[in-house]
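Go ahead and model the full structure; you've got the sequences and the hints to work with.
Number of protein chains: 2
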Amino acid sequence: MGQYIAPLRDMQFVLHELLNVESELKQLPKHADVDADIINQILEEGGKFTSEVLFPLNHSGDREGCHHDKTNHTVTTPKGFKEAYKQYVEAGWPALSCDPDFGGQGLPLVVNNSFYEMMNSANQAWTMYPGLSHGAYECIHEHGTDEQKSLYLPKLISGEWTGTMCLTEPHCGTDLGMLRSKAEPQADGTYKINGAKIFISAGEHDMSDNIVHLVLARLPGAPEGSKGISLFIVPKFLPNADGTNGARNPIFCGAIEEKMGIHGNSTCQMNLDGATGWLIGGPHKGLNAMFVFMNAARLGVGMQGLGLTEVAYQNALVYAKDRIQMRSLSGPKAPEKPADPIIVHADVRRMLLTAKAYAEGARAFCSYVALQLDKELNHPDEQVRKDCADEVALLTPVIKAFITDNAWTATSECLQVYGGHGFIAEWGMEQYVRDARINMIYEGTNTVQSLDLLGRKILMDNGAKLRKFGAKVQAFVEANGTNEAMSEFVTPLAELGDKVTKLTMEIGMKAFQNPDEVGAAAVPYLRVVGHMVYSYFFAQMAKIALEKEASGDTFYKAKLATARFYFARLYPETAMLIRQARSGSANLLSLEADLF
Amino acid sequence: MGQYIAPLRDMQFVLHELLNVESELKQLPKHADVDADIINQILEEGGKFTSEVLFPLNHSGDREGCHHDKTNHTVTTPKGFKEAYKQYVEAGWPALSCDPDFGGQGLPLVVNNSFYEMMNSANQAWTMYPGLSHGAYECIHEHGTDEQKSLYLPKLISGEWTGTMCLTEPHCGTDLGMLRSKAEPQADGTYKINGAKIFISAGEHDMSDNIVHLVLARLPGAPEGSKGISLFIVPKFLPNADGTNGARNPIFCGAIEEKMGIHGNSTCQMNLDGATGWLIGGPHKGLNAMFVFMNAARLGVGMQGLGLTEVAYQNALVYAKDRIQMRSLSGPKAPEKPADPIIVHADVRRMLLTAKAYAEGARAFCSYVALQLDKELNHPDEQVRKDCADEVALLTPVIKAFITDNAWTATSECLQVYGGHGFIAEWGMEQYVRDARINMIYEGTNTVQSLDLLGRKILMDNGAKLRKFGAKVQAFVEANGTNEAMSEFVTPLAELGDKVTKLTMEIGMKAFQNPDEVGAAAVPYLRVVGHMVYSYFFAQMAKIALEKEASGDTFYKAKLATARFYFARLYPETAMLIRQARSGSANLLSLEADLF
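Line by line, the protein sequences are chains R and Y. Numbered according to our numbering, the first sequence spans residues 1 to 596. Numbered according to our numbering, the second sequence spans residues 1 to 596.
There's no promise every hint is true.
What the hints assert, rightly or not - Residues from chain Y shown here face chain R by an in silico Cβ test under 8 Å; the list is partial:
| hint | residue |
| --- | --- |
| 1 | L18 |
| 2 | E257 |
| 3 | M326 |
| 4 | L352 |
| 5 | L353 |
| 6 | K356 |
| 7 | F423 |
| 8 | R564 |
| 9 | F565 |
If you are wondering where the hints come from, they were derived from the structure by calculation, not from laboratory data. Remember, predicted model here, so these are calculated numbers, not experimental data. Note that CB positions come from ideal geometry on N, CA and C, so glycine has one too.
Right, dumping it as structure tokens:
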């Protein structure tokens, strides 16, 4: 049933050799004492927990799924999920990066991030339960009143309670402005909420004592559209003042969805029949408050893509070394066997290296952004905080869309390595593909991410955020442009940087005359930016590998090979994408809808 | 639960306006009296049968799957499958393109082909049962003795019996040379066959009276490898001389596989415990005989990709017109509604048009190749037959791999149109994606197809077959190069033709020094050729549409828009593919396997 071994060496390479996390954290008073040893120890423990506790439940969780009892409105998670969650709580994992004022361990997000990669590799469906709780924690931490914080945060941090986000309704997903759920103010300062929500991940389950739902709804007389939406805390059980569970709140699971993947996670239809809620973040400011949650969630979804890419790669690699079939085109490589292991075949390697490069690129990228987030939150210099915030804002949609699209490609290539066996459930590969598919959809479809990047994050400030990131790329190019050994990496990076600048200006000019040009270019445009980011990180990683190759540590040899593969085989996608992005809106919009 | 309406107008456009099938068939004595009316009547009836009988069983068949009774070795197909098959047989559909000497209707393959597109759109899992029978029919028709023909063909043609192909074993899929099943000659001229086969589609089921297995096995003392494999007819029930069923032959289903998709089709492990078989195609000539079956099957798999692309497109289109969400970036298009239908959004159109263009390109391509196959089999002029055979040989791997890869992309894009609903089983879209995944694997993985195209079909004859096809492209370019209205289509076609020529020569030269260069280039190379083929057909279709646009029939306007979309948005993939194909083998093969 496959394997998962946390890629500790590559994680350490990224954190310590590429990002110099220890010295970066020294600049942040809150994290100044987090050294490499502490980080490595956490990663090692995380690797054990995820491999030994979560991974063994991944395939069985997929086959079994969740069970809904309609009479009692209860949902039972797959065998072992509840027990694994208990272990997770007892080990203190939920508290890792949470605020010490409320019982957290206060470790940096960049460490938590690596742990989430492992959890997602081991079991994405399971990881969504604590993952959503962490989002709820962040939202209440940022927008809650002191009372709300002291009531909810300790329980979310300990993991005794979990959280959800209840946004989507049957008629509105992307377009939350059409939301219909209603909140009626009560004399005691609470609200009675009525409405029907769908696609609520982890909406009901048996893993925690209470579930803290964050629910979007409209107040009476609220403005129409997205400016009239408020956010409410709606716990499954009304908490008593001492934190124990009081009465059952009428927010019930009406059904769970049958879906393509992540079967181990309960995707619930939630009905609110006069459920009691508490306003959070001010009247009509719901979307604003929810965006904290959504931005965290978008980074989290990128990590899901990375996690699946890594685990699919690991398993395809084992299979490719083990399975013998045909001889190498250039003659037998294992003459003692009746056929060669399929890893000798060039195209099998193309598939494996696609996954390997996408995993290593994503790992560098996500860890970098997580570190920028730590700096945004904790750096003493306001300008640094501002710069980091800009970079995180710019790169969040790229993380979400680029990594999850790549994970779809990579998991599918890894399935293909298995030939017919890849299609058979028993081998586990097809589950990774099915699980990967949702990541391109939820927390804002990848089209929405692309519009967010191009429309909001880039064109709306005339490219200021992009230029700041571009200046980093440019500085690297200039610093390494005369290093001959680096030219195979620096040249394509420099070329792509220039092309992104030109392309952005061109689309900006066209969009000025016709806003549809943004929608027509956004999806290929985001992928071009994604490749610029990966080119930047692969060039940096190649530089380190070149410097350390002579050490004899073969890790660096492999890293160089992966970087070369990236530029030879994945980077060329930009030649297609730029043509697509430049092709304009007429090829999409000129045909009348009824002639389709 | 969705819809399927046979795309009769586009099928008729391809057959009558693009391919002039009626006048082409007039040159073939066997089909000289098949006119457009007959063809249209068959298509119409086929459309009814597939929409009304097969499509309603597609989703339920997926949810229910097949059931294996281990004690009795029986397999029960999903509810309704058996009854639908009865209707199919009673209507005479299995006989459509079969030999009249054995009860067939003798219609051309190009007509049967369109019918198969419809069946695959409506229900790929169901269609595999008769689809494999048709392959068995072709194999016995070509290689069987007179006795075998008269015993088996009438039953396969009537549909009373179905067929399978039993190639794969647990340790060998692509590498049939490692096959271990054994056939012992008996005194009566039959053989006792022992072995274990896996992945046998439609291997056991309850739809027909008997199942005719075509089984690969080794004779005693056979040469090692693929030159020592023989083919045997192994019926489930030994037929009496009068065609009734005799004794049960010990070829039993040991298990059915749980798999990612095509749940309605029984994928069987088949155990042969001294099963009686009859040699077909001569000792050690098994692969040769099986190739007839496999080539038919490869075209069939391409049609599965086309079928899924079409039905996914139709449903995504309905949804995109119906679902309202957000306003167009260029201002409200349906101001009377609370939001615009999502088809106004440029990127939703990109997704829809991707599927539409891939469906229409594949339809033209497959129908063309089916017509060449009719000519290969029936044209009075030997040179024409030879030329057509060359073209079919060249294009078969392109049909199989290019169309199924595109179907994976297209069905996934159509799923994405639905947002979160696309991931939910109830809407039916995720089934199309899951079903589409197998088509890239079976009947030779798409990597194997690419190696077949580049290695066997092109480099082995120094590009002679490719040059013949290229001459047709060139002739079209020259005939239309001065037509200004056509330049937007002819220019990219001409450019790509030149690039294919150069790329082929370059890879050929490199392969001369290092055979691994073929494996390193094959997969992107096949897709480049695929785009050359699609460019050729879209340019031809655009020409017709330009000529008839003034008629006011909006079909031509839509066709032109699709062709323009193809060249603007899909054709640019060639810029990436050519770079990948040229990048050589070192980026894949230089890293030692144990450093991965």
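Self-check item: Hints not upheld, ascending by number
Solution: Hint 1 contradicted; others consistent.
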